[in-house]
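Protein chains: 2
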Amino acid sequence: MGQGILYLLPSDFGEESLILLPAYAIDIIHSLDVFIVEDEKSARHFLKRIGYKKSLNDLTLFLLNEHTSSSDITNYLEPLKRGMNVGVLSDAGCPGVADPGAEIVRLAHQHSIQVKPLVGASSILLALMASGFNGQHFVFHGYLPKERTARIKAIQRMESDAGIKNQTQIFIETPYRNTNLFKEIIEICGKNTMLCVACDITLPNEFIQTKPIEEWVRDAKSKSGQVPDLHKRPAVFLIYR
Amino acid sequence: MGQGILYLLPSDFGEESLILLPAYAIDIIHSLDVFIVEDEKSARHFLKRIGYKKSLNDLTLFLLNEHTSSSDITNYLEPLKRGMNVGVLSDAGCPGVADPGAEIVRLAHQHSIQVKPLVGASSILLALMASGFNGQHFVFHGYLPKERTARIKAIQRMESDAGIKNQTQIFIETPYRNTNLFKEIIEICGKNTMLCVACDITLPNEFIQTKPIEEWVRDAKSKSGQVPDLHKRPAVFLIYR
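In order, the protein sequence lines correspond to chains E and P. For the first sequence, the numbering used here assigns the number 1 to the initial residue and increments by one for each residue that follows. For the second sequence, the numbering used here assigns the number 242 to the initial residue and increments by one for each residue that follows.
Chain E with its partners taken away, still in its complex shape:
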């Protein structure tokens, strides 16, 4: 008997979200009974939203987040070894990309289990597309340091690398700290450095703008200027020169 396939399922961005998976991916999800999920409640909501037809009570959901132990993750391979297909579903976006999931994928490869990534939304990639910045060379840094001095150094290094390496610099912040990070960036960076802010991507209030720092500064001072309220809204920041 062959082993099952580990499918990687990008999810959408909450209750207001459009369905962001292509039809073939939705069909595959409908065929699955076992899911490895970041959060049980949002997984059930997501499955309901895409019209998952089986009883949600018959589902097997395994939890995968920062609290899951390595031995638990290893146990999640059991259904795959018995030949069942399993889906990894992240909370918002793509499993394994700025989200849990890499560990189970790594184990699957070790056990020669086939891994199939399905197409869906990644706010990092959508932000990069929409920034107009260099898409031939880019780097994603994840979250910046929480400590202010280290964070400011990280911003300065990214600004420098953007020019020296001709490389788009992509990073994120915990949403309730977005406003603070935005202020720091426009204070620290040079006036000609380009900043893209991409917020609530694919949602009704999507905001994506690329401007030089001097325009962001000017707009932040003027009442009519377009500076988004980023507080608690998921956002991606990109710097380029």
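You can trust all of the hints, since none of them are fake.
Capping the alpha-carbon separation at 16 Å, the derived lysine to aspartate or glutamate pairs in EDC-like fashion look like this:
| # | chain 1 | residue 1 | chain 2 | residue 2 |
| --- | --- | --- | --- | --- |
| 1 | E | Lys116 | P | Glu447 |
| 2 | P | Lys406 | E | Asp161 |
| 3 | E | Lys116 | P | Asp441 |
| 4 | E | Lys165 | P | Asp402 |
To be clear, the hints were calculated from the coordinates, so they are not data collected in a lab.
Given the structure of chain E, go ahead and fit chain P onto it with the hints provided.
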């Protein structure tokens, strides 16, 4: 009168490809009459494949590739300024990400034209998800240098950075040089360095495997080992330690 919206449309991966866009993105494409495309023939094939209902003769297609002049690209903004929505369609994957498109997006932002990226397939992102490598920190290098000595140095630097920076290293090659690049990687890198090869992603012959270099070397020597024929097949390479 308001300006039009510049939509960024990920395309699929050729005649054998599944439809890789979600329904909302296909609906938006159906509403458009003007497209900026990398290649006219493949754009027409793609539109036909997703069931585009308007006569393909009534379409306005603007060409955008490495031969397009900056002044031509500036002219492509005209329909947007007149209030028409326009779609940027790349040949395979996402506009602006290892593909043309960034220039028109940059101009759109300069003219305060709204840019909306639609969800679809990026082989880079799918490969990263499926690699099991670090998705919190990663870098995309595009194509490696053509000159052998420079390319070998680039591979060595990536291997080193993967460890020092704890950062997944992602790169691509012109498909007819894939086999050569694969040989170089497994010759140069240390036996415990991890290599993921992701080839023909989303296509019927999709091949995605992550293994330490020593296993790739062993499999390349044995007849039964799984080493893919990468010649002329689109592939993404990823290194991590």
